[in-house]
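**Student:** The primary structure of each chain is shown beneath.
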Amino acid sequence: MSAHAPIVLDIAGTTLNAEDRRRLKHPLTGGLIFFGRNWQDRRQLTELTAEIKSIRPDVLICVDHEGGRVQRFKTDGFTPVPPMRALGQRWMRDARGAPGSGALAALNAAAACGYVLGAELRACGLDLTFAPVLDLDHGGSTVIGDRALHRDPRVVSALAQAVAHGLRRAGMQHCGKHFPGHGFVRADSHTDVPVDGRSLKAILADDALPYAALSATLSSVMPAHVIYPKVDRRPAGFPAVGCATFCAEKWALPASSSATTSVWKARATWKVAP
Amino acid sequence: MEGARHLEGGTLSYAQAAALALEAGCDLVLLCNQSLDGGQAVDELLEGLSRAAASGRWRPDPDSEKRRLSMLPHEPPLPWDELMRLAAYQHALELLP
Numbered sequence: 019m020s021a022h023a024p025i026v027l028d029i030a031g032t033t034l035n036a037e038d039r040r041r042l043k044h045p046l047t048g049g050l051i052f053f054g055r056n057w058q059d060r061r062q063l064t065e066l067t068a069e070i071k072s073i074r075p076d077v078l079i080c081v082d083h084e085g086g087r088v089q090r091f092k093t094d095g096f097t098p099v100p101p102m103r104a105l106g107q108r109w110m111r112d113a114r115g116a117p118g119s120g121a122l123a124a125l126n127a128a129a130a131c132g133y134v135l136g137a138e139l140r141a142c143g144l145d146l147t148f149a150p151v152l153d154l155d156h157g158g159s160t161v162i163g164d165r166a167l168h169r170d171p172r173v174v175s176a177l178a179q180a181v182a183h184g185l186r187r188a189g190m191q192h193c194g195k196h197f198p199g200h201g202f203v204r205a206d207s208h209t210d211v212p213v214d215g216r217s218l219k220a221i222l223a224d225d226a227l228p229y230a231a232l233s234a235t236l237s238s239v240m241p242a243h244v245i246y247p248k249v250d251r252r253p254a255g256f257p258a259v260g261c262a263t264f265c266a267e268k269w270a271l272p273a274s275s276s277a278t279t280s281v282w283k284a285r286a287t288w289k290v291a292p
Numbered sequence: 008m009e010g011a012r013h014l015e016g017g018t019l020s021y022a023q024a025a026a027l028a029l030e031a032g033c034d035l036v037l038l039c040n041q042s043l044d045g046g047q048a049v050d051e052l053l054e055g056l057s058r059a060a061a062s063g064r065w066r067p068d069p070d071s072e073k074r075r076l077s078m079l080p081h082e083p084p085l086p087w088d089e090l091m092r093l094a095a096y097q098h099a100l101e102l103l104p
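Protein chains in written order, with my numbering: chain H, 19 to 292; chain R, 8 to 104.
Think of the hints as simulated: they come from the structure by calculation, not from any bench.
A quick note: this is a predicted structure, and the numbers were derived from the prediction, not measured.
From the three backbone atoms N, C-alpha and C, an ideal C-beta is built for every residue, glycine too.
Keep in mind that a hint or two might mislead.
What the hints assert, rightly or not - Here are the computed lysine to aspartate or glutamate pairs in the EDC-like style, where the Cα-Cα straight-line distance is at most 16 angstroms: (1) K43/H <-> E69/H; (2) K43/H <-> D76/H; (3) K92/H <-> D59/H; (4) K73/R <-> D76/H; (5) K43/H <-> E54/R; (6) K71/H <-> E82/R; (7) K43/H <-> D50/R.
To be verified - Coverage of chain H stretches by chain R, computed from C-beta distances (three or more under 8 angstroms per stretch; other residues unrestricted): (8) 26-35; (9) 103-114; (10) 138-145.
Stated by the list, open to error - Have a look at the derived ranges for each label pair, beta carbon to beta carbon: (11) D70/R <-> P117/H: 44 to 54 angstroms; (12) D76/H <-> P86/R: 20 to 30 angstroms; (13) S77/R <-> R39/H: 23 to 33 angstroms; (14) R172/H <-> M91/R: 33 to 43 angstroms.
Sequences are here, hints too, so could you generate the full structure?
**Tutor:** Given below as structure tokens:
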């Protein structure tokens with residue numbers, strides 16, 4: 019085992035080949051991320067994760083399961099969990115004469131979503147899902163869209179906390195994304211580097227608020243690959259400034275109120291590639 | 008991926024980009040979908056970062072590794088068939104929106 023195994027890589031198929039095994043044994047390999055191409059059925063998935071752990075018990079097996087359209091395994095018993103926007107909509111629906119009843123029902127449903135997502139993944143040997151999405155539903159983002167819980171960062175914070183709680187209850191690790199907020203831009207960062215031209219103050223007060231609100235909850239955070247030119251010329255996900263920035267200078271507020279401090283403590287995960 | 012490595016007119020290698028992210032305080036770096044064409048980029052990253060560690064251009068961080076290890080599960084997973092019979096799981100299914 020290395021003193022530090024920071025690289026999360028992936029594999030091409032539904033089983034391990036010789037190259038995969040070699041890379042898995044590399045002391046810098048610390049995680050594996052699964053995609054739809056690595057899925058055939060539950061049995062295959064469970065055998066694959068078991069083989070990975072037999073080679074490297076300490077490797078983190080990760081996947082993007084958020085519910086809605088971002089769910090890599092959807093058949094053979096996996097429950098299709100609704101898009102997160104459904105929880106935000108539930109929040110807004112109070113029973114007649116019962117203000118707040120919608121919020122309560124939505125919180126419980128959010129915990130249930132996290133638990134179902136997490137328990138099914140965990141039963142197949144996965145350790146971490148890159149969820150919940152903390153981006154705001156600004157409308158107009160084809161990338162985020164109904165993956166966002168709500169437009170209001172306070173509602174997003176409360177519901178995301180419940181989702182994280184459900185995941186934890188299932189023994190599943192979570193990751194808040196995409197810091198400081200991917201919901202405002204329209205382009206897809208997988209093909210283009212989107213630009214968010216708002217001021218730092220505006221972003222921290224709105225999109226980045228859930229990171230501060232959940233500083234005692236989040237176990238990891240993934241930065242957005244977005245450029246915020248009013249803050250920095252380089253993308254937030256970009257290390258030279260990006261992460262350093264959000265733990266040190268430009269993203270930082272006084273320590274007591276800093277969203278960036280909480281992100282720093284929450285352990286940033288930088289996505290090298292989409 | 009291409010966007011992620013372009014920085015102010017220059018292009019970084021995978022290992023350079025990863026080393027910068029780690030130096031900046033990230034605990035993990037993800038390299039996605041690069042195993043598809045034989046995985047040359049994956050090997051480049053693994054070997055490049057090894058060289059960076061050997062030459063001191065990147066210093067591994069034991070605290071970062073502790074945080075990574077703390078993300079590992081504390082208990083073995085509940086087998087699928089047992090999960091299906093679990094009352095808490097069945098209740099959660101009923102609560103989905």
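**Student:** Would you list, in rising numerical order, the hints stated earlier that this structure does not obey?
**Tutor:** The structure conflicts with no hint, since it agrees with every one listed earlier.
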